[in-house]
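Fit chain L to the given chain A structure using the hints.
Here the protein sequences come in this chain order: A and L. 1 is the number of the first residue of the first sequence in our numbering; add one for each residue after it. 1 is the number of the first residue of the second sequence in our numbering; add one for each residue after it.
Quick caveat, the hints were computed from the structure, so don't treat them as lab data. Be aware that a few hints might be false.
The calculated BS3-like cross-link candidates involving lysine-lysine, where the alpha carbons are at most 27 Å apart (straight line), are [unchecked claim]:
(1) LYS229(L) x LYS246(L)
(2) LYS198(L) x LYS188(L)
(3) LYS33(L) x LYS234(L)
(4) LYS234(L) x LYS246(L)
(5) LYS198(L) x LYS104(L)
(6) LYS283(A) x LYS310(A)
(7) LYS246(L) x LYS33(L)
(8) LYS229(L) x LYS51(L)
(9) LYS51(L) x LYS104(L)
(10) LYS146(L) x LYS310(A)
(11) LYS246(L) x LYS283(A)
(12) LYS197(L) x LYS51(L)
(13) LYS234(L) x LYS273(A)
(14) LYS150(L) x LYS51(L)
(15) LYS51(L) x LYS246(L)
(16) LYS229(L) x LYS273(A)
(17) LYS196(L) x LYS33(L)
(18) LYS283(A) x LYS51(L)
(19) LYS146(L) x LYS51(L)
(20) LYS246(L) x LYS273(A)
(21) LYS310(A) x LYS188(L)
(22) LYS33(L) x LYS197(L)
(23) LYS198(L) x LYS51(L)
(24) LYS188(L) x LYS283(A)
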Amino acid sequence: MNRILIIAEHADGKLNAAVAKCVSCAASVPDAEITIAVLARAGTAVAQAAAAVAGVARVLLVDHPANEPALAAVLAPQVARLAEGYSHVFGPSSTFGKDLMPRVAALLDVAQVSDVMSVESARRFRRPVYAGNAIVTVEAAADRPIVATVRVASWQAAGAGGSAPVEPVGLDIPLPTHTRFVSVTAARSDRPDLQTAARVVSGGRALGSAENFALIQRLADRIGAAIGASRAAVDAGYAPNELQVGQTGKIIAPELYIAIGISGAIQHLTGIKDARTIVAINKDAEAPIFEIADYGLVGDLFTLIPELEKNL
Amino acid sequence: MRRILVGIKRVIDYNVRVRVRPDGGGVITDGVKMSINPFDEIALEEALRIKERGETDEVVAVSCGPDDAQQQLRTALAMGADRAILVRSDPSVEPPVVARVMHKLVEREGPMLVIFGKQAIDDDCNQVGQMLAALWDRPQATSASKIELKGQTARVTREVDAGLETIDVDLPAVFTADLRLNEPRYVKLPDIMKAKKKPLEVIDMAAIGVEATQRLRTLQYEPPPQRQKGIIVKDAAELIAALRQKGLV
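Chain L extracted, bound-state conformation:
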C-alpha cells in the first residue's frame, strides 16, 4: 500500500503569549492551550490532498512525545488521517532522537513520503526532517511551498532566501512544509466523532529500540531583553527631524 507518514508535534498554541517561569526552569504550561504545531497541520493537509487526488492510499499521523500528544493525534485523525502512532517519550526529547524514532517507523511502515512541518514553534529547531533524510539516506525538500508527484519522482518548490527554488527528487523522500504550501481544513464535529473510532497505537520508545540520549542540556530559560518603549511623534516632519538627528536618513 502507498503510504505517507506525517509528523505531528504537540506544542503551546500559536496564539498563547509564552512566558518564562520565575525559576528559569522552563516556560509556563499550566492551563495553557496546546495544539498541533501549525506547520505540521500544513504537512498533514498536504498528505490528505495527495490522498484525495488518488496518489497515495493511506495517511498515518505519527508523534513522538508525552501521553497527552494523543489529543493532537486525535485532531489529526479528525482532519482525515487514517490512523495514528504515538511513540511515548519525555516531552523534552531532542530532534536527533525523534529522527531515530521516525527512522524506525519508516522501516516498519515503508512510506513513499514522510512530511513534517519545517519547524516546531516551541523550540524553533528546524531539524527533524533533515535528520531523518540523512539517517534514511533519502532526498529532502525542506520549506516546501508546492509539491507535485510524478510517479517515482516529485517536483518540489522551496522557499529560500533568494526566492523560490525548484528541485526534483526520487521517492521515497522527506519533505518539510512551509507556510504557503496550503491552508489546512477546519475539523467538523462529525469528523471528531468518527476520529474516536480510528486506530491510535501507543508504543514506548524502548520497545522500538531507540534510546533517549540527551546531548544538549538546557541549563536555563530567561525572558528576552525588552526594548524600551519609545515616543510618539506628532507628525511626519517631527519623525524625519528625529531620524535626521540620529543620522539615520
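Extracted from the complex, chain A is given alone in its bound form:
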C-alpha cells in the first residue's frame, strides 16, 4: 500500500481548491491510501471541507496558534513529523507549496519532485522543465519517502461526497520564532479566481497603460472571466503581480483563454498550454501566440474589444 499525505493549503477558514487536485494526483498512485493534513489555528471547518473530498481516507487536524498565517519555517518541522510512516508527501505547486515542500524534503533528507503532471507508477512521475519545452520522466529511489509538488493545472479536482474521519493531532515539538508574519495585501475582487476560473481574459503590453487595461477588466466582467496579464504588462505596471501568467507566474488551465495584445513569449505560453480553447487577438499576424491559438483574430485591440462586446 502507498500511504500518501497531502498538506492542505487554506486561508480564512476555506480549503484551497488546489487540495482536491492534489487528491486526484494522489489517487492515480497505485494502491493509494490518502490522508490530508490540515495545519491551522482553529481548523475544524477546513478539516471538514477536506474530509468531504472524495477518496480521502482520513484527515489529520493540527491546531496551533502559530500555524496561521502559514509560514514554511513553522509548518515544515510539523509536516516532517507527520510524514513518519508515509510513502509520499504531496503539496500543491502554488506559492504555499513551493515555499513549504522543499523545506520538508530537506528535513526528511529526500529529493523533491516538483510540478508532477502525471503519475507513471508509485515512484515514477512526469514533470515539465525548461519552461515546459521538455517533459522529463523521473524515478525516485525506492528506499525513502517521496516529497512532491503537484502541478495543479494538470489535474481535475476530485469530487465531493467523501466523509472521512477527522483526527485531532497534538505535536509536541518546538516551533521556531525567527520568522514572523507581518501582513498580506490581497486585492479583494468579486471576479473569479485566476487559478480556478473557467474563463480568463489576459492583457499584454499592447494595452499601453493601466487605464487602458480597464478594457480587459470590462470584457472579463462581461463574460464572467478572471483577469490575467503577461509579464510585460505587469512589469509596465498595468496589472498587479498576482495576475501574471507564465513560467514564473501562474500556470492555468481554463476552458477558455483569451490573450489580447500578448505576443506569446515561450515563458507565457508555458502558463496557458493546458487551456482547453485559446483565443489570440493581436495586431501582428506573425506573433507566436497564433501558433498555439485555436482562434486567431488579427487587428487593433482598441477596435476589436468594443466589437467583441457588441457581439456578446
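The following block gives chain L in isolation, referenced to the frame of chain A:
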C-alpha cells in the same frame, strides 16, 4: 566581516529555444549560449545594492556545477562580486546536494545572508534556497520582491498567489529573488577586465565533504505535446459565433 553569499547557476540562456535531443537523453546544448540564471542575476544585484548601501562588507558569488561555470562566476565578478567560489560537480547535480554544498560554504564563510534566484530556468525546481534554510535551521523568505535590512532582522515582501506578503525574519537568513526585486545592472568592459584579477576559488565537492548522491533518476526527456494551430477568423462577430457554438461564452 559582514558577508553575503549569492548562488549562481550556469543555465541555457533565457532567449534560446530549448530542444530535446532526438535520443531523449537530454536537451541540445552544443553551440548553445550559456548564461547566469536570470533570477540569480537579480539575487546578485540585490546583494550588490546592499553592499553599496553600506549594509554588508563583502559579496561572494558561489556556484555548484561544472568547470565551465567559471565563466558565469567571472560575469558575477564583473557585475561587482568581490570573489567567487566554484564547487566542482556533475552538471546534473540535484538540489539537495547543492543545498548541502551551500551549507558547507555557509559554515566556512559565516554569512549574514544567502540569496538565490527563486528558481533556475533549466530544471524549474525552485528548491535549493528552502533546502539550505532547513539544513541551516534559519529563516527563509522566498520569491522576494523587496528586502529591507534593519540591524539583526530583515523585512521582506514576497510575491504570493494572493498578492504581496510581508514577513520579518531574524538574520542570518536565506532569501530567494523574484522577478521584480530589481533590475540587474549591465556589465561594462572595464569591469570585465577588472574581474579577471578577482579571486575565483575552485574546490572539488569531495574536498568539502559532500557526497553527490542521486535520489531522482531522469529516465527520459521528451518534447511537450504540441497544440494544433487553429484558424484565423475574419472579425469579432465570427469569433463570438465560434465561441458560442462551443458553449464557451
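Open item on the list: Just to be careful, I want the Cα atoms of LYS150(L) and LYS51(L) compared with a cutoff of 27 Å; is the pair within it?
Closed with: The given pair, whose Cα atoms are some 14 Å apart, holds under the 27 Å limit.
Task: 27 Å limit on alpha-carbon distance, applied to hinted pair LYS197(L) and LYS51(L) - done: holds, 20 Å
Task: Hint consistency between LYS246(L) and LYS283(A) [alpha-carbon to alpha-carbon, up to 27 Å] - done: holds, 25 Å
- [ ] Measure nothing beyond the straight line between the CA atoms of LYS229(L) and LYS51(L); if it is 27 Å or shorter, mark the hint as holding.
- [x] This hinted pair is violated, its Cα atoms lying about 50 Å apart.
Open item on the list: Checking one constraint from the list: CA of LYS188(L) to CA of LYS283(A), max 27 Å. Satisfied?
Closed with: violated, 37 Å
Open item on the list: Holds or violated: LYS198(L) and LYS188(L), Cα atoms, limit 27 Å.
Closed with: holds, 16 Å
- [ ] Below or equal to 27 Å on CA atoms is what counts here, so check LYS246(L) against LYS33(L).
- [x] violated, 44 Å
Open item on the list: Holds or violated: LYS198(L) and LYS104(L), Cα atoms, limit 27 Å.
Closed with: With Cα atoms ~22 Å apart, LYS198(L) and LYS104(L) stay inside 27 Å; holds.
Open item on the list: Hint check: LYS198(L) vs LYS51(L), CA-CA at most 27 Å. Holds or violated?
Closed with: Roughly 17 Å separates the two Cα atoms, so the pair holds.
Task: Distance restraint between LYS146(L) and LYS310(A), which requires alpha-carbon spacing of 27 Å or less - done: Distance ~43 Å between LYS146(L) and LYS310(A) Cα, so the pair is violated.
TODO: For the pair we were handed, LYS51(L) and LYS104(L), check the Cα-Cα distance against 27 Å.
DONE: holds, 23 Å
Task: Hinted pair LYS310(A) and LYS188(L), Cα distance within 27 Å - done: With a Cα-Cα distance of about 53 Å, the restraint between LYS310(A) and LYS188(L) is violated, given a limit of 27 Å.
Checked against the numbered hints above, the structure violates hints 3, 7, 8, 10, 15, 18, 21, 24; every other hint is satisfied.
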